[in-house]
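Asker: According to my numbering, the sequence shown is numbered sequentially starting from 1.
Rather than coming from a laboratory, the hints here were simulated on the basis of the structure. Misleading hints may appear alongside valid ones.
As the list claims (entries may be wrong) - Think about it this way: if two alpha-carbon atoms lie no more than 27 Å apart in a straight line, the pair counts; the simulated DSSO-like pairs of lysine-lysine are:
#1 85 <-> 139
#2 27 <-> 11
#3 43 <-> 63
#4 308 <-> 43
#5 479 <-> 57
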Amino acid sequence: MITQESLEQLKQVADIVAVTQNYLELKRAGNLYVAICPFHNEKTPSFTINPMRNNFKCFGCGKYGNAITFVMEYEQLDFVEAVQKLANMFSISLQYTTTQPKHPQELDLLEEMTRCYEGLLKHHKEAQDYLASRDVQAKSVQEFRLGFCVGSRVLEQIQCQRLDRQALLELGVLGQDERGRIYARFHNRLIFPIHNPNGKIVGFGGRILQPQANVAKYINSPQSALFNKSKLLYGYFQARQDIAKSQKLILTEGYLDVILLHQAGFKSAVATLGTALTEQHLPLIERFNPDVVVGYDGDKAGRAAALKGAKMLAQANRLGGVVLFENGLDPADMITQGQVEGISALLNKPIPFAEYVIRAIYERIDRLDPLFKQKALQEMLDFIQTLSPLLQADYRDTIAHLLGIPPTLVSVARHKEAQPSKWTNAPKLQQNESRYVTEALILKYLISDPALLERVRPFLEMAFFKVLNNELLALLAGKHQDPRLLHILLDSRLPMHEHGFKEEFIKFLLVSYKEQRQQINTLYSNLDAKERMQMFIDLGIKIKQLRDRKGDYYESLSLI
């Protein structure tokens, strides 16, 4: 762990203006600086930097903090990574306690091997010619840290530097044959380093340059404490900022698809690691609440993977859809052939996930089977029963049209064999019985009245929403057709009353500010004692004014 003395030194030296101007275009406003907030979409600057207090606050989305907090949020780094980045920026030597971060030796070994592979690529003409034939540019080689493995040279460097061979065996950099001989596992392969979301290299993918009999085209690092291919996405570290800004994530199948899509300007592209999408991938995909476009090959394997992913993403209520690249082409092929506009057109018109699943079921079942419609209907109903009630209603007509049957026959309610739905089993809500009710009611008012949302926006903070924070993000991003928002809007268990919002909102603010004040030392431990005390005082003033229904802060709510 980093010592408290080092943290205090960094906080004193890390000037908030110097840090933020590396990322944002700042404009002076009196004693402050303002900028367009990088954490939510806006046209008028509401992101304020205070040099005197050495902190920032956005009056649009509510984010605030110091230089460390800013780097954590902007770069999507954890606390230690952000501190280390700032320490490098301001030339501060950090001191550590006896408790060290997890797996430092393994991470250092993988970093050392990456440098080794990078160096070998520079002297391997065949590998360079292959990359040139795929139109991979030099800047992409550097950005994605591509390399090449020459087995003998790798073993020499490991021996020369006295690296831990046993650890490298466990990490899958080395292998051991039946006779006990050690070899370089990625020998004669192009190397694709795989980063975790914080930018640390945790494994490798390796590709042969030419097809060989009985040799896999791609291999990955084996499962380890650092590397779990069911949780990682290739290119996510490079794409994370664009995903956050564009609110779109493009999911592809291959390393080169990702690299060439980034080159062509589609910088939110990522790929699974030789496996179909899994539920373990979802937390990473949902981090910025983006629309997801699944762009897979149109072959049998690609269609099967797209179907599995579409089911999962539809049930997770993700917006977006599926795009299939036909005629044996993948995104990398299309870019190489100069079809960038064609890719853009496809990615902008994906087939919605639920519709894709329904159509895939329809295409899979034998049309000559006398029971074709009955089997198709049953499987389609099995699927849509797992969706929200709103989506179930939307897709009944789609099913009826596709099968050529009356809509009245498509009845989820009479489908006795349907899978249980998390929506149909949800408990009935009672006023003031759950946190969900409070948050959902506030959102329902704001969904119903866009003008009200704009007036309230400066008072909203993500920290206030413990249950429906993704729904708030969708609303603030203008995704009014998000199924989760429509579900709230149509929920009759959330009664709205004319002129009732202001009182509900004041109650909501009171509860939220009280919670913040009670947890201030836990939630904002990265701030120094003086900043936490000032925050405690500010919250106390707001609570008192809201409770007494008077004062400057209370009056600022008068337009609501």
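Asker: Given the hint that residue 308 pairs with residue 43, does the C-alpha gap stay at or below 27 Å?
Answerer: Since the Cα atoms of residue 308 and residue 43 sit roughly 39 Å apart, the hinted pair is violated (cutoff 27 Å).
Asker: Hint check: residue 27 vs residue 11, CA-CA at most 27 Å. Holds or violated?
Answerer: 23 Å, holds
Asker: What's the verdict on residue 43 and residue 63, does the C-alpha distance respect the 27 Å limit or exceed it?
Answerer: Holds, because 17 Å separates the two Cα atoms, which is no more than 27 Å.
Asker: Is residue 85 within 27 Å of residue 139, Cα to Cα?
Answerer: Since the Cα atoms of residue 85 and residue 139 sit roughly 22 Å apart, the hinted pair holds (cutoff 27 Å).
Asker: Taking only the CA atoms, is the gap from residue 479 to residue 57 under or equal to 27 Å?
Answerer: Given that 27 Å is the threshold and the Cα spacing comes to 24 Å, the pair holds.
In the structure shown, a violation is registered for the earlier hint numbered 4 alone.
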